[in-house]
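Asks: Residue numbers (our numbering), protein chains in the order written: chain A, 74 to 433; chain B, 53 to 348; chain C, -2 to 424.
There may be inaccurate statements among the hints.
Said to hold, decoys possible - Listed next, the in silico BS3-like pairs over lysine-lysine satisfying Cα-Cα at most 27 Å (straight line):
| no. | chain 1 | residue 1 | chain 2 | residue 2 |
| --- | --- | --- | --- | --- |
| 1 | B | K178 | C | K227 |
| 2 | B | K178 | C | K45 |
| 3 | C | K314 | C | K400 |
| 4 | C | K242 | B | K178 |
| 5 | C | K45 | C | K348 |
| 6 | C | K295 | B | K178 |
Treat the hints as calculated values from the structure; they're not laboratory data. Small disclaimer: the values here were computed from a predicted structure and weren't measured.
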Amino acid sequence: MSDPTRTPRQFRAYAWLAGSLLLLALPFYLDRFWLQAGLFAMAAAIGAIGLNLLTGATGQLSMGHSFFLAVGAYGYCVLAGESGEENGRHLTGLGLPTWLAAVLAVLLAGAAGGLFSPIAGRLRGAYLGIATLALIFIGQHVLFNAGDLTGGFNGRDVPVLSLFGFDFDDTETVIAAVPFGSSEKLWYVGLSALLVGGLFARGVLRGRPGRAMNAIRDHRIAAGVMGVPVARYRAAVFVLSSMYAGLAGVLIALIFQRTVPDYFGMILALEYLAMIVIGGLGTVAGAVVGAAFVALLPQLLTHYSDSLPLVADPGGGGVTPGEASRYLYGAAIVAVVLFLPGGLTRLSVPTVRRFSGEKS
Amino acid sequence: MTTFVELLLGGLSMGSVYALIALGFVVIFKATEVVNFAHASLLLAGGYVTAVLHDDIGFWPALAVGIAGAAVVGSAVEYTVMRRYRGSDHSVLAIVTIGVDILLTTELTRRIGTDVLALGDPWGDKLLTIGDITIAQTRVAAFLAAALLITAFLLAFRHTTWGVAMRAAAENPQTAALMGVRLGRVSLSAWAVAGSLAAVAALFLTVFPTPGLERATSLAALKAFPAAILGGLDSTTGALAGGLIVGVTESFATGYQSDLTFLGRGFGDLAPYLVMVVVLLIRPAGLFGTKELARV
Amino acid sequence: MKRRARRTNAPRTGAALLVVLALALAGCSGKATEGDGKDSDGAAGGVKTGQGVSDKTISLGVLTDMTGVYASLGKSVTQAQQLWADQTNKAGGICGRTVELTVRDHGYDPQKAVAAYTELEPDVLGFAQFIGSPFVAAVEKRIDGQDKGLVLPQAWSANLLGSPYVRVVGATYDIETVNAIDYLLTNKRITKGDKIGHVYFEGDYGENALVGSEYAAEQAGLTVVEQKIKPTDNDMSAQVAALKKAGVKAVVLSAGPRQAASLVGVAAAGGFNVPIVGNNSAFAPQLLATAAGPALMKDYYIASSTLPIGSAEPAPKKLATEYAAAYPDDVLDNGVVSGWTAASLYGELLKTACENKDLTREGIDKALLGLDAFSTGFGITHDFSDPAAPSTRESVIMKPDSKVPGGLKVVQEARVAEPAQSFTFGG
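For reference, chain A alone in the conformation it holds in the complex (with noise of 0.2 Å):
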């Protein structure tokens, strides 16, 4: 039988290949400071896959993701942390293994997508949209106001991760003579969780759901007349979107080492929506690099304002690294919509066996 895609897919297993290794050997090399840019990338490209599927392939429009991923973030404090006293104020905790803890609170996030589905099964594009937008308000003023679990303003420690005894602490472990510190450690967590995520949702997109999804997104009554069971359907995958934003808070937790509520707001979410339409509505890869792009942008321009031509050192008037990430991150979300379409994966990836266009 002769194989037409076989040189592609021969290309394609070397890339991954070099890039999984590249990937594995960073933390021998990088410092603390790009291994969490990194990490918080790998956190970013959960939940925007999370997002991509509710987004991107179903058609529901969510602005409130980062408030999941503050149940992740902090359910994962709460169920991992001890009580007791910290800065003068009472703090409740079960004191649950930490591994434990985190599959908890992402099933937590679950949850709390479930309770929302009354109101997300029933309500669609922009509605939908702003109902969610809610959910950051109500998340905020909880974060705030409940202060026995959240610690309020200033939030709470994180409790280290722990898996069969080995701690992702800041404990130096010396490895082919590299220090690894708690970034380093948590790199190939961030690996894990990112590669897990992101074969699930690939099998899922690639599918029986992941057609049933898309068909729900172009056509939600022919959807239901081919006997797509719709709402049960959409409360799915918005409960699924949840788990997937509840690993990111979990992911992210550990990296800030303390959870702090002002993170958690509209600005979080509105940067996941850029993210899957940066990269790529409704598939993996486009929440990926989308993800990628939006984290690691400020993290690039910041760095390397003193050699960046245009961007100002902070004080010196003109446009400093701050805002110029902002227009180029407002700039790309316009440009890439207009200009292509299918998010920037399309640049890269060549289009072998895409029938529908929707598909990776």
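Please build the complex by placing chains B and C on the supplied structure of chain A, with the hints as guidance.
Replies: Then chains B and C, alone, in the frame of chain A:
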């Protein structure tokens, strides 16, 4: 009782300002089915122009230029961005407006910098006192201006050619186009109208008792989201009702916050959204929105 | 079937290869621990050096907010610190080295703030500025546990006390509020049995100030009527109405400049003539040009741990002139003073550390704990020997005045109120 009336009046007046913003959303949504998240930056643009010019050319001309300026910015966004989109997914277009908003807001906040800009309005901090009740003149002016503008808009929407074209486009764009309605013009004018309404709203959001226009002013536009949604995104009456409900809810939630401590402090910001969620649970298309007929 | 076999094969070989390669490559990684040159004894003058100090330069980090909610504070503080660095270098630097500030603007975004700290931490001696107390809290464990570089936050919350490496320059908000209320008491503006209102921000700043007002009220037999607001609330009508209804005799404001303008303006317009006192962050000179300007100059007071920039004392006068010359377009406000004070403190520590021949983080820390009388001529002497206490318990009380630069004049010199003296932290 005095407090109650004062809070009610204050709420109604802020609500009418929110209604102006919400009306802009609704107009754009009706004409193009796009939720315009860039509305906050249109508002900031209008306010900024007024604030910068009022010293040189006087308040009223500056306001006129501000209104025109916001209309121009709105039309420019429609013409350069929205019109170029070839896809059909309105959620994607909504996300594009987020991109536009980031661009405009970054530019405007960079210009405003750390200043608090006065708009030079003629009312200052004067109060109106009727019996026991005192209310700032700016609030009265806001209410009157909003009532005037909304009435004018609704009349135009009913009775002018433009209004008919707009309604036809909202009803069914294809048919309207076949009947000779120029959809491009309809959507251009919708963005212009939304911009001017936002500029007026910007004025009343930044006069006494608030200190003036600064970078965070655009956040106030967020209150118009629940207003537009709870009234029904495709209903002009809904925008009016939604705005007033949000204004009054917020005013009461803030004014009586010491009696509502069990809900946590700072409940005023949240209350409009909670009302919105409750309304949506009962009426998924908002109070006055068109109900969807299909049910799957 | 054939396809599947190939697909699973490649990754497996890949994984094996990968592990081998990764380990092999790691050997030549720049991160490998052998001889990375840090913490070595520096050559120049036998001075011991560490992170952020080379033979020619001393690097200090500045984590600021110039594009977010604290933009106006961040800009003044940063420019004042830059001015200090420029002048120090012009005068020959410190310890034969020039001082370099590396500025990162996080725009009040937690992720950017933590990233910026991580980025700068390995390359600087310490941080002359860190805006945003939640972010300081986020990295505090790292500062205390491993990094141990001195951080001077631009925040005055008592929650920051206790760490030997994160040091508050000035009185904390609680103490400041106690002093502010005491000013009203000593001037017979309020008396035992009265109610006072407290309008405060949700968060570190406001809630710490509330601890102070509750303590002061308890000591003086007052009742506090609380009004919590958010930084996005710009219209204080509802709060004024509520406080008026409650019959308060004075109002304490622990919020931002915009809230001050609105609160004072609304109160004055409504004939609600009570004295209003604010914490140091509750004023900006830009406000005097707004509609609330005249009202602010009537019966509004600010408590702070420095003399205002408009003071006629030599140090503020000199700073005001030089700052205005360096940044002619920018406003003179108290951020300039506090930025300058923090930077000068670092300068003082660097000099002491240089004399002790120890320009490491440890050396700075030692110098700080030995510093029990530090003054830059801004009216207050700071004592840094106890990490669990703020560097001073004194506050200056000021009043807005459009005629002086910076818009504030002193109405009461620095002093400690009696209840502030006995106040215990973290209670």
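Asks: Look at each hint and say if it fits the structure.
Replies: Verification of the hints:
A C-alpha spacing of about 26 Å is found between B/K178 and C/K227, which places the hinted pair at or below 27 Å, so the restraint holds. Only pairs whose Cα atoms come within 27 Å are accepted, and B/K178 paired with C/K45 is rejected, the gap being roughly 66 Å. Between C/K314 and C/K400 the CA atoms are separated by roughly 15 Å; this keeps the pair inside 27 Å, and the hint holds. Restraint check for C/K242 and B/K178: the C-alpha separation of about 21 Å stays at or below 27 Å, so the hint holds.
This hinted pair checks out: C/K45 and C/K348 have alpha carbons roughly 13 Å apart, not beyond 27 Å. The hinted pair formed by C/K295 and B/K178 meets the criterion: a straight-line CA distance of about 17 Å does not exceed 27 Å.
When the structure is compared with the earlier hints, a violation turns up for hint 2 alone.
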